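S.K.: Residues per chain, in single letters:
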Amino acid sequence: MLNGITLKDLTGNTPALIAATLIMLLVLTAVIGPRLTPQDPLAMDLDSLQQPPGKAHLLGTDSKGRDIFSRLVYGARISLAVGIIASALSLCIGIFFGLIAGYFGGRTDVILSQIFDIFLAFPSLLLAIGISAVMPPGLISAMLAITLVGWAGFARFVRGLALSIKEQTYVEASRALGARSTRILYKHILPNALPLILVAGSLRVGSFILLEAALSFLGLGVQPPTPTWGSMISLNRAYINSAPWMVIFPGLAISITVICFNILGDFLRDKLDPRLQI
Amino acid sequence: MLLYLLKRILLFIPTLLGITLITFILMRSLPGDPVAGMAGERASPETIARIRAELGQDRPLPFQYLGYLKLLATGELGRSYYTNRKIADDLVQKFPNTVKLALAAMVFASIIGIGMGVFAAVKRGTTWDRFLTLLTVSGISVPVFWLGLALMLLFAFYLQWLPPSGMGNGNPIYIILPAVTLGTFSLSYIARVTRSSMIETLSQPYVAAARAKGLSEADVVLKHALKNSLIPVVTLIGLDLGSYLNGAVLTETIFGWDGLGRYALEGILKRDYPVIMGVVLFGAVVFVSINLLVDISYHFLDPRVRIKESK
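Top line first, the protein sequences correspond to chains A and B.
Per my numbering, residue 245 is the first one in the first sequence, and the count goes up by one each step.
Per my numbering, residue 39 is the first one in the second sequence, and the count goes up by one each step.
Honestly, the hints are just simulated from the structure, not real lab data.
The structure presented is a predicted model; accordingly, all values stated were derived computationally and were not measured.
Be aware that one or more of the hints could be misleading.
[Unchecked claim] Non-contacting residues of chain B with respect to chain A, defined by C-beta distances greater than 12 Å in every case (computed):
1. A87
2. N122
3. V160
4. R168
5. K251
6. V258
7. Y282
[Claimed, not checked] Derived DSBU-like pairs: lysine-lysine, alpha-carbon spacing no greater than 30 Å straight-line:
8. K161(B) with K515(A)
9. K252(A) with K515(A)
10. K252(A) with K108(B)
[Claimed, not checked] Simulated restraints on C-beta separations:
11. K252(A) with S254(B): 35 to 45 Å
12. P270(B) with V271(A): 54 to 64 Å
13. V271(A) with S82(B): 53 to 63 Å
14. P134(B) with S408(A): 37 to 47 Å
15. T281(A) with R249(B): 51 to 61 Å
16. T255(A) with Y244(B): 38 to 48 Å
17. T255(A) with P134(B): 45 to 55 Å
18. I211(B) with A287(A): 39 to 49 Å
Yeah, the Cβ is synthetic: ideal placement off N, Cα and C, and Gly gets one too.
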């Protein structure tokens with residue numbers, strides 16, 4: 245699908261290779277990790293509250309005596325699930341409306357573009373707050389909020405791609421042969437736009453993970469006692485001075501994950517189109 | 039010129055209407071009675087009656103939306119469930135604090151970001167360049183609320199150089215940590231854009247000519263190349279202004295900064311819906327207004343933009 249990018253390109257670029265490896269490890273951790281965690285992430289051990297990192301608890305315990313490492317492993321599921329699923333959903337919505345606006349043009353384009361602009365007019369976190377505040381807090385509402393915040397950016401981007409691809413001679417040829425619009429969109433425009441769309445998507449996964457973390461931090465995401473990286477920080481932030489590991493490790497987990505996604509996204513962008521900016 | 043202004047402002051209206059439509063839909067989908075939502079639980083019966091009449095809940099939805107617009111036009115954003123204060127008054131009172139914080143963050147981000155970008159471009163391909171690239175990728179990847187806590191731990195608790203939180207009655211030392219926290223994301227973007235723009239400029243023939251003239255490298259970079267590579271950077275800074283509102287919600291929460299962001303968080307924690315929606319609506323309006331002003335000012339400042347548009 246991402247024609248032109250080989251495994252050799254990846255191994256030639258050390259940061260991208262490290263990032264890709266870490267992301268794979270992280271996905272693996274999220275999938276099978278919960279079977280391997282040393283402790284139950286919800287089990288409170290009242291004899292070992294706020295233990296610093298050590299033998300019994302690799303990364304220490306939190307203010308309720310829960311094992312931080314186990315909680316991080318469980319939290320990885322939510323961060324990755326929300327980040328990746330929200331990206332996929334908003335890409336699908338964005339592709340659908342972006343192709344329609346770009347390909348059909350005219351009044352359809354004017355109206356759809358205006359709708360994209362309205363969604364883009366909100367500062368992203370504020371809109372996500374507004375949307376998730378009116379729903380019962382949880383996984384679904386966080387995902388939905390992030391999707392509704394993210395789709396318009398993709399739609400505008402895909403619209404631009406469709407606008408330029410539909411001027412190509414092969415599209416004209418296909419139309420001259422009597423192909424219907426749906427066929428042209430599906431057989432010509434979408435496949436040609438897809439590599440760049442996927443790069444745009446990969447560049448946004450990181451920011452979606454950050455948005456999920458922010459919503460969790462604000463208490464609008466997945467609710468306690470289920471551990472998420474963002475809520476682990478907000479629940480323990482009062483202890484930043486006395487027990488900093490309770491806050492530092494979840495933050496490192498978010499940061500490293502997002503850094504990896506951003507490095508990988510940059511790598512794909514540089515390979516496919518250095519001038520692409522989204 | 040006048041025509042352009044008129045066109046921009048006319049295009050601004052549907053955007054504003056769209057924003058209010060979205061907040062209206064959000065208000066309508068709130069659990070509970072939307073009138074109580076707008077008036078606050080302890081509102082006087084007269085207020086409730088007035089809002090009920092304005093909203094006209096027995097009328098079809100489009101009319102209700104018109105009523106909502108009418109309320110907004112008079113500056114009525116409803117009242118807080120808890121304090122029963124007018125939200126519009128609270129917003130007016132807290133907004134200046136957020137502006138102050140955002141401006142401080144922007145100054146920090148612009149100066150350091152441009153400096154880092156220029157340095158990385160000049161040192162292109164070296165270890166310095168790679169280090170700065172990693173640093174700026176980290177800058178856009180680190181969650182702002184965690185960065186704030188980490189900086190607080192380091193500078194306020196371990197080193198004890200700076201106060202951990204609060205506004206210190208305007209003492210400027212209190213703004214340093216929040217401004218650095220809020221500015222880091224933008225700084226990293228500015229550094230990245232400056233670097234690539236500078237690299238492009240440095241390959242231009244006129245830079246080679248300046249070098250051939252025998253100018254020192256510092257003169258070439260700072261006097262000739264920098265000015266021309268700053269155009270995309272200035273665009274970025276302008277368009278990024280509104281995004282400080284995102285970071286402000288989190289930064290203000292961490293540092294107890296009494297602005298819009300902390301106000302929003304208090305609303306979220308207490309499920310004080312009118313407050314949340316008030317901040318969302320206000321933030322969006324501020325955001326699009328800034329973007330409009332930035333667009334218009336480019337139109338006046340950069341003749342090339344004008345030519346492109348007239349085509």
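S.K.: Evaluate each hint against the coordinates.
M.R.: Against the structure, the hints:
no.: 1; hint: A87; in the structure: holds, 25 Å
no.: 2; hint: N122; in the structure: holds, 20 Å
no.: 3; hint: V160; in the structure: holds, 20 Å
no.: 4; hint: R168; in the structure: violated, 8 Å
no.: 5; hint: K251; in the structure: holds, 31 Å
no.: 6; hint: V258; in the structure: holds, 25 Å
no.: 7; hint: Y282; in the structure: violated, 9 Å
no.: 8; hint: K161(B) with K515(A); in the structure: holds, 22 Å
no.: 9; hint: K252(A) with K515(A); in the structure: holds, 12 Å
no.: 10; hint: K252(A) with K108(B); in the structure: violated, 62 Å
no.: 11; hint: K252(A) with S254(B): 35 to 45 Å; in the structure: holds, 42 Å
no.: 12; hint: P270(B) with V271(A): 54 to 64 Å; in the structure: violated, 36 Å
no.: 13; hint: V271(A) with S82(B): 53 to 63 Å; in the structure: holds, 56 Å
no.: 14; hint: P134(B) with S408(A): 37 to 47 Å; in the structure: holds, 45 Å
no.: 15; hint: T281(A) with R249(B): 51 to 61 Å; in the structure: holds, 60 Å
no.: 16; hint: T255(A) with Y244(B): 38 to 48 Å; in the structure: holds, 40 Å
no.: 17; hint: T255(A) with P134(B): 45 to 55 Å; in the structure: holds, 53 Å
no.: 18; hint: I211(B) with A287(A): 39 to 49 Å; in the structure: holds, 44 Å
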